[in-house]
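So for the sequence shown, this note's numbering puts the first residue at 1; every next one is plus one.
FYI, nobody ran anything at the bench for these hints, they're computed from the structure.
Relax, there's no trap hidden among the hints.
Derived Cβ-Cβ restraints for the label pairs, each shown as a range: (1) K85 <-> G22: 31 to 39 Å; (2) D27 <-> D72: 14 to 22 Å; (3) P39 <-> D73: 32 to 40 Å; (4) K85 <-> P24: 32 to 40 Å; (5) Q4 <-> A42: 14 to 22 Å; (6) G40 <-> G75: 30 to 38 Å; (7) I30 <-> G64: 17 to 25 Å; (8) K8 <-> G43: 12 to 20 Å; (9) G3 <-> P74: 30 to 38 Å; (10) P74 <-> P39: 34 to 42 Å; (11) Y55 <-> R84: 14 to 22 Å; (12) P39 <-> G75: 29 to 37 Å; (13) I30 <-> R78: 12 to 20 Å; (14) P25 <-> I69: 13 to 21 Å.
Cβ atoms here follow ideal geometry from the backbone N, Cα and C, with glycine treated the same way.
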Amino acid sequence: MTGQAPGKHWQAEDGLHLDTRGLPPPDPMIAVLWHIEQPGQAGPIIVHLDRNPVYLFPELAERGWQYEIASDDPGDVRVILRPRK
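Let the hints inform the model, and build the full structure from the sequences given.
As structure tokens, then:
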């Protein structure tokens, strides 16, 4: 992947936030994978989504990342990503 990832992102005290709400599939997955593949990305990444990203979880595992679902409210799902130790 090259260029800039879809969605909005910002750095906060608790990590990098990535807001993919409102993006059509597969843009949320593309955005997350783009960010975790950036050099030096050590997490955590807090991803804000419209829905539970079930197809993303196997991709994260293949790339050595783990996830925690922090909120699964409809329209405001938050998933925290960290590299596997």
